[in-house]
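Student: Sequence order for the protein chains is W and E. By the count of the working numbering, the first sequence reaches residue 283 at its end, each step adding exactly one. By the count of the working numbering, the second sequence reaches residue 570 at its end, each step adding exactly one.
Worth flagging that the hints you see were computed from the coordinates, not collected in a lab. There may be inaccurate statements among the hints.
Said to hold, decoys possible - Which residues of chain E face chain W? A partial, calculated answer using Cβ under 7 Å:
#, residue
1, Gly-463
2, Ile-507
3, Ala-508
4, Leu-528
For each residue, glycine too, the CB sits at the ideal point set by N, CA and C.
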Amino acid sequence: MAEKLIELKNVTYVYEADEEGEPGYAAVKDVSLDIHKGEFAVILGHNGSGKSTLAKLMNAIYEPSEGTVTVKGIPSDSEENGDKIRRIVGMVFQNPDNQIVATIVEDDVAFGPENLGVEPSEIRRRVDEALKTVGMYEHREREPHKLSGGQKQRVAIAGVLAMQTECIILDEPTAMLDPVGREEVINTIRRLNKEMGITVVLITHFMEEAVLADRVIVFDGGRCIAEGTPREIFSQPGFLIDHGLDIPQSAQLSNALGFEECALTPEECVDKITEMMGGAKND
Amino acid sequence: MTDPIKLINVSHYYSQGLPVQVAAVKNINLTIKAGEAVGIIGHTGSGKSTLISHFNGLLKPSEGTVLVDGEDIHKDKETLRRSRFKIGLCFQYPESQLFEETVAKDIAFGPGNMGLSDSEIALRVERAAEFVGLKRELLSKSPFDLSGGEKRRAAIAGVMAMEPEVLVLDEPAAGLDPRGKNEILRMIMNYREQTGSTIVFVSHSMEDIAATAERIIVMNHGEIALEGTVDEVFSHGESLRTMGLNVPEITRIFMMLRQRGIDVPSNIYSVEEGARILRGLAEGRRG
Numbered sequence: 001m002a003e004k005l006i007e008l009k010n011v012t013y014v015y016e017a018d019e020e021g022e023p024g025y026a027a028v029k030d031v032s033l034d035i036h037k038g039e040f041a042v043i044l045g046h047n048g049s050g051k052s053t054l055a056k057l058m059n060a061i062y063e064p065s066e067g068t069v070t071v072k073g074i075p076s077d078s079e080e081n082g083d084k085i086r087r088i089v090g091m092v093f094q095n096p097d098n099q100i101v102a103t104i105v106e107d108d109v110a111f112g113p114e115n116l117g118v119e120p121s122e123i124r125r126r127v128d129e130a131l132k133t134v135g136m137y138e139h140r141e142r143e144p145h146k147l148s149g150g151q152k153q154r155v156a157i158a159g160v161l162a163m164q165t166e167c168i169i170l171d172e173p174t175a176m177l178d179p180v181g182r183e184e185v186i187n188t189i190r191r192l193n194k195e196m197g198i199t200v201v202l203i204t205h206f207m208e209e210a211v212l213a214d215r216v217i218v219f220d221g222g223r224c225i226a227e228g229t230p231r232e233i234f235s236q237p238g239f240l241i242d243h244g245l246d247i248p249q250s251a252q253l254s255n256a257l258g259f260e261e262c263a264l265t266p267e268e269c270v271d272k273i274t275e276m277m278g279g280a281k282n283d
Numbered sequence: 284m285t286d287p288i289k290l291i292n293v294s295h296y297y298s299q300g301l302p303v304q305v306a307a308v309k310n311i312n313l314t315i316k317a318g319e320a321v322g323i324i325g326h327t328g329s330g331k332s333t334l335i336s337h338f339n340g341l342l343k344p345s346e347g348t349v350l351v352d353g354e355d356i357h358k359d360k361e362t363l364r365r366s367r368f369k370i371g372l373c374f375q376y377p378e379s380q381l382f383e384e385t386v387a388k389d390i391a392f393g394p395g396n397m398g399l400s401d402s403e404i405a406l407r408v409e410r411a412a413e414f415v416g417l418k419r420e421l422l423s424k425s426p427f428d429l430s431g432g433e434k435r436r437a438a439i440a441g442v443m444a445m446e447p448e449v450l451v452l453d454e455p456a457a458g459l460d461p462r463g464k465n466e467i468l469r470m471i472m473n474y475r476e477q478t479g480s481t482i483v484f485v486s487h488s489m490e491d492i493a494a495t496a497e498r499i500i501v502m503n504h505g506e507i508a509l510e511g512t513v514d515e516v517f518s519h520g521e522s523l524r525t526m527g528l529n530v531p532e533i534t535r536i537f538m539m540l541r542q543r544g545i546d547v548p549s550n551i552y553s554v555e556e557g558a559r560i561l562r563g564l565a566e567g568r569r570g
């Protein structure tokens, strides 16, 4: 078993009652979960299932009401530790316009390391490298607001990379993007994971993104209700639909055709159908 | 019959006259016919939102004319006002614009501006709430106490309550989970069926567009790049890719099967239909 990077032990998070009489409620309930170094984990769950709260617990934006969250052995129980944790675990949010702070792409990427007090020459090196990694180096001198949604999200990811975090949590990073923008972001995330060994926790509503994960964690009612490989998870369509989720069309089709093992991608589905038809005609 | 919306040579420039002038939409000619369901797709920044903001006069074209029911909506103030009620526009993430004390008051805001009687407003609020499946007991709550999906539905109900001839929705299902998304789409189609209204909606989901639209308009860099039936538009898979778009996943599977020499149609948009065809084909081969 790979080394544990993030460990949640019996974690509960309660949003307190507010002054206007809003009752408090527990968004995350008694969750025990580990994220392993180098893995690509996807968290699925309907709106309000507690996934975003979970994400904020994982990078110490929130401290647990009960239980413990530790990142590389550091408990998220003080502001000082929170700062340390956020140098290990970075976060990218849904709306690219809310996380861009500078008027030039490279300044935006430099913002994080500057705040950490990194040497200017080292910042330069990190910014260039991060922008190259996400394929945005040639856009380094552009104004962020003139970029497409997918490009903005890649700049946000570069900002996290420039802080040299070991793990990136992305909270619905593709929700506002067009199909190609989504693909750009997802391909970037996969490359970071496969080629640079960065641990990825991706929260998404897109089932076709979840098929790329090493492990899928399903969240509902503030609890982790299932986890497994994408194939294990998407072989149970009824279960997912009951929890407000869905399965990709490739898996739907392969389930409808009664394939023993469900296909996760269009390519896999086409292979299985070709086989069912007794091979392709031009073979 | 006059078409509810017609755009003639419409262009819209931001920062007009300045060196940084950009055309957000250019030379748009388009007609929305009564009763149809039109889907608009296009990459981010392709001008979709700018385009639909012209439909009810929220934006005035820099060049060209917008006709609503055959009348130039910028002719005078009164025509513009009337057009606002005829063409109901629901923005992206419309729940961010909820502001009243109660859900009922929020839904009543639009019809309240139309000078309707209180009893008519009450009736419309009730009808709209029913269309979007908001339970009666929620109507007296503060909109801020609703869940994300409920807020979205309350905001859409606010536009429906004006009973516009054309309901225009900008990414009505963005950010919702699969169940919430399917509910919103079902509710919009049900509204169309029951009221006979014209529907125009913007989406980034090719699957949703294929399942709900009859006609598709494809925006690319501020211009209409493609327009036609679902079959016509999705037969241009390659061009769609270059425009930041795609075909639905199920359609992609059938296109790939054809490339392998398997004799299936490529215009398949639902899993049920696809599964039926493949089962039939497999039986034929065995028999």
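Student: Which hints from the list above does the structure break, by number from lowest to highest?
Tutor: 2 and 3
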